[in-house]
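Asks: One line per chain: the protein sequences are A and B, in this order. If you count by our numbering, then the first sequence holds residues -9 to 115, one letter each, in order. If you count by our numbering, then the second sequence holds residues 5 to 852, one letter each, in order.
These aren't lab readings, by the way, just hints derived from the structure by calculation.
Beta-carbon label-pair distances, calculated as ranges:
{"no.": "1", "chain 1": "A", "residue 1": "Gly69", "chain 2": "B", "residue 2": "Phe400", "range": "46 to 56 Å"}
{"no.": "2", "chain 1": "B", "residue 1": "Ser40", "chain 2": "A", "residue 2": "Gly69", "range": "49 to 59 Å"}
{"no.": "3", "chain 1": "B", "residue 1": "Phe716", "chain 2": "A", "residue 2": "Thr67", "range": "55 to 65 Å"}
{"no.": "4", "chain 1": "B", "residue 1": "Cys508", "chain 2": "A", "residue 2": "Leu49", "range": "52 to 62 Å"}
{"no.": "5", "chain 1": "A", "residue 1": "Pro73", "chain 2": "B", "residue 2": "Pro521", "range": "24 to 34 Å"}
{"no.": "6", "chain 1": "A", "residue 1": "Thr62", "chain 2": "B", "residue 2": "Glu647", "range": "41 to 51 Å"}
{"no.": "7", "chain 1": "B", "residue 1": "Arg475", "chain 2": "A", "residue 2": "Gly69", "range": "52 to 62 Å"}
{"no.": "8", "chain 1": "A", "residue 1": "Thr67", "chain 2": "B", "residue 2": "Gly659", "range": "26 to 36 Å"}
{"no.": "9", "chain 1": "B", "residue 1": "Leu8", "chain 2": "A", "residue 2": "Arg(-8)", "range": "36 to 46 Å"}
{"no.": "10", "chain 1": "A", "residue 1": "Gly69", "chain 2": "B", "residue 2": "Phe44", "range": "50 to 60 Å"}
For every residue, glycine included, the Cβ atom is placed at its ideal position computed from N, Cα and C.
Chain by chain, the residues run as shown.
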Amino acid sequence: MRRLVERIRRLSVSLWTLIVPPTVWAGHFLFSYLWAALNCAKAGRFATFPTLYVAGTVLALLLIAAAGAIATVQANTPGDPPPHEQSTDLDRLRFLAVATQLLAVLSAIGVVFTATPVAFLTDCR
Amino acid sequence: MTDLAAPADYVAPDQNDPAVRAVQEDRLRAVWQPPSGWFFRWTDVNNNRVGVWYTLTAFAFMLFAGVLALIMRAQLAVPENDLVTANTFNQLFTLHGSTMMFLFAVPMFEAVSIILLPQLLGARDLPFPRLSAFGYWSFLIGGVFVTGSIFFNAAPDGGWFMYPPLTTRTDLSGLGADIWMLGLSFIEVSSVAAAVELIVGVLKCRPPGMRLNLMPLYAWYILVVAVMILFAFPPLIAGDVLFEMERLLDWPFFDAARGGDPLLWQHLFWIFGHPEVYIVFLPSIALFAMLIPTFAQRHLLGYPWIVLAAVGTAFLSFGLWVHHMFATGLPKISLAFFSAASEAVAIPTGIQVFAFIATLWAGRVIWSTPLLYAVGSIAIFTIGGLTGVMVAIAPFDWQAHDTYFVVAHLHYVLIGGTLLPLFAGLYYYWPLVTGKKLSDRIGRTAFWVMFAGANLAFFPMHLSGLEGMPRRVFTYPAELGIGGLNMASTLGGFLFAAGVLLVCIDMALSPTRAKSPRNPWNAGTLEWLAHPDDEDWGIRSVPLVTSRYPIWDQPGFVDRVDQGRFFLPDAEEGRRETIITSVIDARPIQVARLGMPSVIPMITAVALGSVFILTTYHLYWWALAGAVATLAAVLTWLWTTAEIPEKPCKPIGHGLVVPLYLSGPSASGWWAMFITMMADATAFSGLLFGYYFFWTVHPDWPPPGHAGPGRFWPLVALALTIASWAATVGARELNVRGAVAAARVLLGVALLASLASIAAGLAGPWTSGLVPSAHSYPAIVWTLAIWTTAHAGIAAICQGYTLARSLAGRMTPEYDADLRNITVFLHFLLATAVATYLTIGLFPELRA
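Excised from the complex, chain A in its bound form (with noise of 0.2 Å):
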């Protein structure tokens, strides 16, 4: 277990990997958009139970999950006491692993908000 957190701590974080949560969410949302549209305005109806949907949803969760459990990770890496504000690539490293933090869980609030409509409705209307 160890050994896998030093190596989570050890991957590259970047501008890229702050952004994963957030597309991910956008790539559910596309996909919610697409599969109404398919569903509804192409095909005129709406599958028995959305098992296509649901498993979206599930597979975005479980990445976004991902994304925030190597973030929180790397967030807690140890060293200096906070404020982590210095130019160091510590406190880099740990800016980047909240904020990735952050972002994935805004990014599952939006996921759920998005997929909740599904739970609800059951026809096109």
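Fit chain B to the supplied structure of chain A, relying on the hints for placement.
Replies: For chain B alone, coordinates are given in the frame of chain A:
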């Protein structure tokens, strides 16, 4: 690539010696000397001048659009008024909205950023000063063209969102629609140019040591907003292309009778239009993030939370566009998705406001005029935000849609979220630009007048909307019982205008006032290094930054900058220079030579403007001449860039020696190409969306009886594009290995393949006799083919240009930026060709 070492005889300057410093200052002053003369002064490209022109122009457009609003309010003051005709009223509200959005809110953010960003980042200028100048001149020409139309009774009159079919049918709408479409398309070009400039500026021009976690929050917001522009504006450009094809050539994209769909326009418009709201809101919040720490006299609390809010808002804002279309009959489940995202966006917005309140709570607050504006605008914005949460709920929206309730909501949001924060910024940053403070007495009076005026004008609109007053009506009957509410709105509107007038008077009095001391607010961020009697060189030496608030936290910081004790304190070679650093950790990697004042950006803007303006009047041959002139101007401009330096590297102080030339992904030019192509790819995906949108909404589309372009020619065109791409990549690899002759041959082959792919790409729809005016299917197939082959044409120009550079000795194996940059273009062209040719060639065959 080269051995980075200072010449053997190099002696580092002694910054303790005042004589050495004076000589350095003379050289810097000479290099940054603005051009003079009644014409040539306008060829300046320095950000401190271009930014000020830009800001004043945007401010003037705001005043103009405000006057239009006052005329509207005067017309609506009493029932059944006849101050203006219905036709004039239509022009007034269309131009008011369009001007405020396209000519004030977005350009103002760009203008302010062009002034502030280099100062905030301790850079001498932005990476592409001539691009800023080009953006400004494009903005000025396009803006005057669009707003001037109302004096000829030819202004657009279809509402700021220009819904077809009202606006696409030439019997229902006149020249105004073309003026809107083409004039504002031209301004969108300048917005994308500014976005490229600002993104590269934030990522590559930070001072050494300013890692991502130390960046001023304003820079974070600018980065986020500029990226949003890249993804938000291009769908509108795609929509504009389709719209003008319908108006000028009768290609029926939005004509339901011929397989088109007016809703496609609404989708493309609002994919732009909703992020746009956040594009104009976030920069204003960014101003708060700078001024609140100053007046709380402490670091801003929750730095990562603010970054979360900025990035989160940017993403979520792209999932909101259908909430403008709740009443169009889309499937309810789709509406619910957008309703959910619209509620979710309140979370990051709220986080920012709480972070600001917490900072003020934890600090020792100085109740200055800028802070008064900031706090007042948050109050107004919050009311607009709350009604936003209401209209984001579809059933409520069905009741309030197209009523004055929505007018009230959007004005609370924009006045609280954009206009008043800009006034806060005006009072805060005026000393930075002019060296003088504005009057606190006038400023506070103006604030309270505007605050009262805004509430008196817009609060009653909630009620008149709920009483049933529709938007965009030039008058209303007395029996509706909303005369009193409208009179209140009118009085409030004029009261608000009186407040704006007070601010204008305050600014006009500024030249009579004494200079204020340096850093008059005792702020901690880099921009306040500016001196009241400022030099044009931006910053005396580029500092090493180790804190978010260096003026507060780094001992002796200001003196060290002023005495040239940091980096690049000189201009030995008589060139304008700034330091380029790495994206994440801001390590110095290059000294970039910046563009000098030139008339070329202005000429390019005039030439490009002529293309759009002449097309409006159907003068196609003249427009074509303008396009050729634009190409010539761009190539002339380009030829002077990416020059090979006289020496490979130079010392910048403290033992650091950095190269003068970079190519590939670490270079700013490569990033500019990559970012521009992201915008281009987004515009293309807007067109592709059109194709699949038609397929989705029609039971059988492509329609029976309309044969497609076949498989053969699209696949040949694709093969030729792949060949062009492969030859270019091959040329890059051979060139860097020193095989220059072979690289030139491959570039020639690539050029021929690009040209051949144009012919093959158009042969598909041509040989199968597709008539674009017959139906939306042939129209969109032609559009995709033309878009892709036009890009192949640009690829051919790129390849020919690079070949010429190689032959002229301006591109060598070691200095190969041109070839690396055009390879980026080719990567995107390849992706475009794959999507286009597989869609038009194979997709119709795949449908069940």
